[in-house]
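2 protein chains.
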Amino acid sequence: MAEYIDQVDREARKRALKVFQETFKMLYDQIARGEPPYMMLPKRTLANTIYDEKRKLLLLGPEKLKRSFLDLNESKKFMQTLLMAKIIYEALERDEYPTIRDLYYRGKHTIIYREPGGRRHEENTWDEQRESDAVIRDIEVLTGLLREEMLILSKEKGKVVGNMRIRSGGDVIDLSKMGHGAYAIEPTPDLIEFVDVDAEYVLVVEKDAVFQQLHRIGFWRRHKAILITSAGQPDRATRRFVRRLSEELKLPVYILTDADPYGWYIYSVFKIGSITLSYESERLATPSARFIGVSMTDIFGYGKKKPYLSEKERRNYIIKAKDADIKRAYELMNYKWFQTKKWQIEIKIFLDKKSKLEIEALTSKGLKFLADKYLPEKIETGDWIE
Amino acid sequence: MAEYIDQVDREARKRALKVFQETFKMLYDQIARGEPPYMMLPKRTLANTIYDEKRKLLLLGPEKLKRSFLDLNESKKFMQTLLMAKIIYEALERDEYPTIRDLYYRGKHTIIYREPGGRRHEENTWDEQRESDAVIRDIEVLTGLLREEMLILSKEKGKVVGNMRIRSGGDVIDLSKMGHGAYAIEPTPDLIEFVDVDAEYVLVVEKDAVFQQLHRIGFWRRHKAILITSAGQPDRATRRFVRRLSEELKLPVYILTDADPYGWYIYSVFKIGSITLSYESERLATPSARFIGVSMTDIFGYGKKKPYLSEKERRNYIIKAKDADIKRAYELMNYKWFQTKKWQIEIKIFLDKKSKLEIEALTSKGLKFLADKYLPEKIETGDWIE
Chain W
1 MAEYIDQVDR EARKRALKVF QETFKMLYDQ IARGEPPYMM LPKRTLANTI YDEKRKLLLL
61 GPEKLKRSFL DLNESKKFMQ TLLMAKIIYE ALERDEYPTI RDLYYRGKHT IIYREPGGRR
121 HEENTWDEQR ESDAVIRDIE VLTGLLREEM LILSKEKGKV VGNMRIRSGG DVIDLSKMGH
181 GAYAIEPTPD LIEFVDVDAE YVLVVEKDAV FQQLHRIGFW RRHKAILITS AGQPDRATRR
241 FVRRLSEELK LPVYILTDAD PYGWYIYSVF KIGSITLSYE SERLATPSAR FIGVSMTDIF
301 GYGKKKPYLS EKERRNYIIK AKDADIKRAY ELMNYKWFQT KKWQIEIKIF LDKKSKLEIE
361 ALTSKGLKFL ADKYLPEKIE TGDWIE
Chain R
387 MAEYIDQVDR EARKRALKVF QETFKMLYDQ IARGEPPYMM LPKRTLANTI YDEKRKLLLL
447 GPEKLKRSFL DLNESKKFMQ TLLMAKIIYE ALERDEYPTI RDLYYRGKHT IIYREPGGRR
507 HEENTWDEQR ESDAVIRDIE VLTGLLREEM LILSKEKGKV VGNMRIRSGG DVIDLSKMGH
567 GAYAIEPTPD LIEFVDVDAE YVLVVEKDAV FQQLHRIGFW RRHKAILITS AGQPDRATRR
627 FVRRLSEELK LPVYILTDAD PYGWYIYSVF KIGSITLSYE SERLATPSAR FIGVSMTDIF
687 GYGKKKPYLS EKERRNYIIK AKDADIKRAY ELMNYKWFQT KKWQIEIKIF LDKKSKLEIE
747 ALTSKGLKFL ADKYLPEKIE TGDWIE
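Listed in order, the protein sequences are those of chains W and R. Residues in the first sequence are numbered consecutively from 1, following my numbering. Residues in the second sequence are numbered consecutively from 387, following my numbering.
Chain W extracted, bound-state conformation (with noise of 0.2 Å):
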């Protein structure tokens, strides 16, 4: 096996390895000054997740959390804790790439203890994935370390084609001779050499069958531009592969949704990070990132601006909102990162019109509509939202 194994994945690895050493020798020293053994922790809480206004990201704050063996609250998450960095050490250690499911499989054991009186108990490790998901959290927070880092895998949806090339596993790839197809975003996008790049943006689309759309009609050659899509929801591997497109190559990103709460806050993962793991938005999030449509000035106008669709056109298009979109919008109002002034009109037009619309509304009109016309006219105008 060791042969297929390439040199920037071994590379990782030893660097992995030594952060966990690193990290985890504190326990050593503890216990060899006779001090029962801690961690302290970032506290991966809602009430320690700060949005960083200058840096325009979530982050966690500054509260820790002790988490120290001989405390009873503590001291099973103590040892899951461990299990687990155990596991994954071992994993580096042995070339593996384990998932997080595996991961969850591998600590899965029960533990049998009897009561010095002689009662017999029994213990799981861990009865339910979001256990084990847990600890995992911990350890990235503790070591610094995204699991990416640590060589462990996960499912991904994300695509890319562009004049772009990339190098990755040892090979070259040429992102612009994927024919109708496309390249799969590998699950650890930080091991990706980029080798050269003739594009002036990133577009984002949401929905996977508007990037084929796109990328058939030769979208990203004629406007060079790298096309991605997320499939939905974002992965950390799309978001990571993103950011650094807009980090180290500077390019612009934009990022077409739906115009619906759902898209907005697909948007807002992409550029200020989720609420719930915000330990990776200094890596993840891309924060220049910005909202080009579709927007609901597009749809209805607003001031001087002329709405893209016609009366008859929003008739036949425009979806009713349902309550959990509208309780969703009062939501994302309430974010600090979506108080800016765009962001406030697009909300309450929302709000008041009680409409969304896909982006496919926009493809109907014509697919050419929404790549020669739409895109490009709304990139040079300057009428996207931050």
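By construction, these hints were calculated from the structure, which means they are not laboratory data. In this text the structure is predicted, and so the values were computed from the model without any measurement. Check each hint, because a few of them may be wrong.
[As the list claims (entries may be wrong)] Okay, derived cross-link-like pairs now, DSS-like style, lysine-lysine, Cα gap no bigger than 27 Å in a straight line:
1) K365/W x K400/R
2) K759/R x K86/W
3) K751/R x K14/W
4) K86/W x K698/R
5) K312/W x K472/R
6) K64/W x K86/W
7) K155/W x K764/R
8) K563/R x K177/W
9) K322/W x K541/R
10) K404/R x K368/W
11) K76/W x K751/R
12) K708/R x K155/W
13) K751/R x K155/W
14) K706/R x K155/W
15) K563/R x K77/W
16) K368/W x K400/R
17) K365/W x K404/R
18) K77/W x K751/R
19) K706/R x K76/W
20) K155/W x K759/R
21) K14/W x K563/R
22) K751/R x K86/W
[To be verified] Incomplete in silico selection of chain R near chain W, CB under 7 Å:
23) E482
24) R492
25) K545
26) N549
27) I559
28) G565
29) Y569
30) E572
31) P573
32) E746
33) A747
34) S750
Ideal Cβ placement from N, Cα and C applies to all residues, glycine included.
Following the hints, position chain R against chain W.
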């Protein structure tokens, strides 16, 4: 735009346009003869869905439906069918690549008409995509063209890697040079040309994450396999791609799923086709596909066969079947294509033990166990189910 549309697509359009002209000419002829226009359609009903035991396929039976313009019960459907046919025909002529969602939007409008007496009526062409989708299926069975042959695109989940080169959209793509990523299969797999291949079999993995793992350790290279994932329930393009590998390249196809009725169903969709869309089976199903596992006899053993899992592993990995799983198993038990000796044993063990297992239970024993023991051994000893 035209320069980017390749010759293969242009020829596909020509073929489809010709079939449309020939199919719908009958309506002109009927009108010219002074007859009320009608179409004869194969019935897409459960009662007219037949399991062909010889060909091992679910197929549409001989029953036909007369859809007549002047029949009050059928006239709306008649008009919907013609409206959709017109929209698809125009899209073909205009080098468009619609999706089924587009087609729904394109046709959606309100018809206003007055009774001879003067009373005003409003009627929508269709209200839900369910209606327009049904009409697209009718046009598929009427013309004998799959919607992919009408250049209708859709979202795609299937991925592939292996020692194989294909031609798509003017590019030659080497599926062995995808790095850690993969090739995302295009929505129109009939337009792919197989350039050359050096593989002994096809392995289709239900789960994308397990595909990532097997890919990452070079499974397909060591075992001369074409490695594919359907990422859950397979879409049409993945099914068609697998069928073409089986039919044109004569490669054996093995399907690896979780050990549960949902996994068995995924297998049967690949092999036999789906009950609701039986008209597609003739093109999309792979009747020779083999279920490689995970089988109940792999978990528990059977007769002389030893299980792959120890008692302790079973205790940690097995998941209790849910009521829905058990109900599903009873349903599958009655399908003709599950009425073979081996399948009945599988289902009986499942119902007896009320236990299911995920593929990840095997990778958590070590990815090498799955890649270099379990799979090669089962293939070598013929331990699969037809």
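Quiz item: Which of the listed hints are broken here?
Solution: Going through the list in order, the structure violates hints 15 and 26 and respects the others.
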